[in-house]
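So the protein lines, in turn, are chains A and B. Its first residue numbered 1, the first sequence is counted upward by one per residue in full-length UniProt numbering. Its first residue numbered 1, the second sequence is counted upward by one per residue in full-length UniProt numbering.
These are computed hints drawn from the structure, not numbers from a lab. Note that the structure is predicted; figures quoted are calculated from it, not measured. Just so you know, not all the hints are guaranteed correct.
Sample of chain A residues with no beta-carbon within 12 angstroms of chain B, all distances over it, derived [what the hints assert, rightly or not]:
| hint | residue |
| --- | --- |
| 1 | A37 |
| 2 | S52 |
| 3 | D80 |
| 4 | A85 |
| 5 | Q86 |
| 6 | D118 |
| 7 | R123 |
| 8 | L128 |
Short, incomplete list of chain A residues facing chain B, as computed with Cβ under 8 angstroms [what the hints assert, rightly or not]:
| hint | residue |
| --- | --- |
| 9 | P46 |
| 10 | A211 |
| 11 | V226 |
| 12 | D227 |
| 13 | T229 |
Note that beta-carbon positions come from the ideal geometry of N, C-alpha and C, so glycine has one too.
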Amino acid sequence: MTTADGAVLEVRDVHRTHGAGPAAVHALRGVSLTVRAGELVAVMGPSGSGKSTLLALAGGLDGPSAGEIHVDGQRLGALDRRRLAQLRRRRIGYIFQNLNLIASLTAVENVALPLELDGTGARPARRLALDALAEVGLPELGDRFPDQLSGGQQQRVAIARALVGERRLVLADEPTGALDSQTGEAVLHLLRRRIDAGAAGVLVTHEARHAAWADRVIFLRDGVLVDSTAPLGDVAQLLTGSGR
Amino acid sequence: MSIRHGLLALLERGQMYGYQLRASFEESTGSTWPLNIGQVYTTLARLERDGLVRSLPESEAGQRPYEITDAGRADLTLWFATPVSRTDRPRDELAIKLALALTTPGVDVRSVVQTQRAATIRTLQELTRLKYASDRPEDLPWRLVLDAMVFQAEAEVRWLDHCESSLVRHRPTPPGAPGSAGSAAPEGTVPRTDEGARR
Numbered sequence: 001m002t003t004a005d006g007a008v009l010e011v012r013d014v015h016r017t018h019g020a021g022p023a024a025v026h027a028l029r030g031v032s033l034t035v036r037a038g039e040l041v042a043v044m045g046p047s048g049s050g051k052s053t054l055l056a057l058a059g060g061l062d063g064p065s066a067g068e069i070h071v072d073g074q075r076l077g078a079l080d081r082r083r084l085a086q087l088r089r090r091r092i093g094y095i096f097q098n099l100n101l102i103a104s105l106t107a108v109e110n111v112a113l114p115l116e117l118d119g120t121g122a123r124p125a126r127r128l129a130l131d132a133l134a135e136v137g138l139p140e141l142g143d144r145f146p147d148q149l150s151g152g153q154q155q156r157v158a159i160a161r162a163l164v165g166e167r168r169l170v171l172a173d174e175p176t177g178a179l180d181s182q183t184g185e186a187v188l189h190l191l192r193r194r195i196d197a198g199a200a201g202v203l204v205t206h207e208a209r210h211a212a213w214a215d216r217v218i219f220l221r222d223g224v225l226v227d228s229t230a231p232l233g234d235v236a237q238l239l240t241g242s243g244r
Numbered sequence: 001m002s003i004r005h006g007l008l009a010l011l012e013r014g015q016m017y018g019y020q021l022r023a024s025f026e027e028s029t030g031s032t033w034p035l036n037i038g039q040v041y042t043t044l045a046r047l048e049r050d051g052l053v054r055s056l057p058e059s060e061a062g063q064r065p066y067e068i069t070d071a072g073r074a075d076l077t078l079w080f081a082t083p084v085s086r087t088d089r090p091r092d093e094l095a096i097k098l099a100l101a102l103t104t105p106g107v108d109v110r111s112v113v114q115t116q117r118a119a120t121i122r123t124l125q126e127l128t129r130l131k132y133a134s135d136r137p138e139d140l141p142w143r144l145v146l147d148a149m150v151f152q153a154e155a156e157v158r159w160l161d162h163c164e165s166s167l168v169r170h171r172p173t174p175p176g177a178p179g180s181a182g183s184a185a186p187e188g189t190v191p192r193t194d195e196g197a198r199r
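If we strip away everything but chain B, and leave its shape as in the complex, we get (with noise of 0.2 angstroms):
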């Protein structure tokens, strides 16, 4: 999980200013991920040299707020339609990708469940694929090996399950967007899945 990716998600709900992305990141993160501010400024600067956000004037507080660009929104829709890589993913990065799904407008959240879970699905047939091919009994230190990454991947599964159920019975509205950027939600509210809608 990249901070960058969490302050452009944030930014899609609106401009906001350094000490703001902060304290909205803990928030959507449930403070599992502190971030010092330095952080957030340092990455900042990095999006704005590369185009996917724009500083905009200072306000008369001396707070300079930052907006995302297209190409930034561009660069965060990629992001939430692509599957994290079970090889070299961080640790909670689909947590809190999801949980940044739920409150950032336009963002069809049960898709990104489905992404996840057909990929991990793709991931634990490998893993299984393996292990009928090493069917050996000196095979079997290497077959607990991959038990470990079967398991953990199952694991992921249901608690991706467990997710889709409960979007289903409980689908919460984002916070207010104060300045949104002209999202595709309609009325700042997480739109309803549509049957195969971005397939």
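Same shape as in the complex, but just chain A (with noise of 0.2 angstroms):
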């Protein structure tokens, strides 16, 4: 099956209940998402309303009950546990708000292992995580472990793990947790900027402020996707628009 002009994302008609019988939950139910090269798409809903579990299954960490998930042309069902693992760890970065560093790797380590694990060499996949850490502001601080960062640092160290070499999918869950407004706004300009660089991106939040960073908002509730805002024009007619 061929997937959407320039998706990256594919989402169809997905289903995901846990449980059977009278106590099966629905968390999700008929979600159908697609998201292209260069488009961020934040997905709002209140607790409960499905907008993690959407996540992990894009990211195939979870598996769908019904439906189909494409990403980068290739169906995650059809894909044997290895392949699943390997498109993870080279089309895929995932932003949390736990940021799961490993307290005993330096910052250029924890960038460079999902590359290691991938098979690149020591010294190319320290080059690459180098170069991340340039890109979200930290070129002097990689041989930092995590505790000798602040928040805002160590989330960016998470975020250069997500984004190091070449992810095409960009997948992110209240990535700016407790931070102050200004440094979460310094990890969403970076997000966005990657975005515009022709990555592809799903942002998991409950902060409209963060969410308005997206292309596109869409709005789940009980499992259900209720509404979407339309995508945004370009910034000139913004201007004009807004009679500044």
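If you follow the hints, you should be able to join the two separate chains into one complex; please do so.
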């Protein structure tokens, strides 16, 4: 089956049910979503609406009860475990509120880890990791351990790890966590820049101010997609419209 | 917020005369917006001129009740369905609109909330895009102005989220509507929202 034009992520009529019978919980009920290269989609909705479930399915961390998910042209359900793991390492970057940095590794080692696990040699992996750290504004802190970095710096390291190499799809779950508003904004700025450079992204957030960095915002309620904002026009149009 | 839509929303509950409308309006808006009786009658005269309400014969006590027309009902439906623009919003229109939506028969309040939330987030997206494009040091004053608008819009969305949770937890029954013009609401209750019913 072919994917829609330019689509990096395609979620087609996906259902996810936990448990069975009367106790079954329907986390997602018939959700479809397409995210193209250069597009960031934010997912909003109350707690328990299925936001994080959708992200886990898109990233191949969980499987749907029904429906199909395609990432970079590959149907996740058709991949064996080894190939799925490879796709996740090479093509998908994850940014979670819980950073999952490894305390015994330096910043640059944390960032290089997914590359090395994927067979990249230590030296080129380190070089790519340093590039990624430079991209997030931490070129000189690569040899520090996580506990020697501030919360904002740790989050940047986690982002560098999610962006290192040729990731086509970036999945972020409340990536600004407990960061102050300026640092949180810097994190979103980085994410936006990477998307503008050609990646596709999905951002789960309950904060409207963060969702506003996306091209499109979708709303989930009780596992169903209930609304979506239209894609934005270009900045020149906005300036005219705003009467600046 | 025009008083006319407030009066139309009240008349959707059933026919009323001027003093009743004034009292109900103040009750609906928690007395945050006092009306004088002159404003009520002037607005009723304009509504009647525009065919949105019609006056009925005077009662023995000399009170002239009004009722909403089909055109008035269509105008009211459009008002509830249309998001308030942030650019020319008189203060508190949204709060009053939601308060009235709760007590007006046949209004899907969650749809009103969602329509407004999507429109406000859309505004937020546009403001954020402008900020992203204004990255030079000399853009700082403009960015701060944009930030002010961003935080105001964000506060509105948080309040809408809060309204939605309150609706889920506690859905009030609107006051009895004697002579209520046959609305879609069964037995005088605000109907429950079906997922995507208005989409």
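Against the structure, the hints come out as follows:
| no. | hint | result |
| --- | --- | --- |
| 1 | A37 | holds, 19 angstroms |
| 2 | S52 | holds, 17 angstroms |
| 3 | D80 | holds, 37 angstroms |
| 4 | A85 | holds, 35 angstroms |
| 5 | Q86 | holds, 34 angstroms |
| 6 | D118 | holds, 32 angstroms |
| 7 | R123 | holds, 35 angstroms |
| 8 | L128 | holds, 26 angstroms |
| 9 | P46 | holds, 7 angstroms |
| 10 | A211 | holds, 6 angstroms |
| 11 | V226 | holds, 6 angstroms |
| 12 | D227 | holds, 5 angstroms |
| 13 | T229 | holds, 5 angstroms |
Taken one by one, the earlier hints all hold for this structure without exception.
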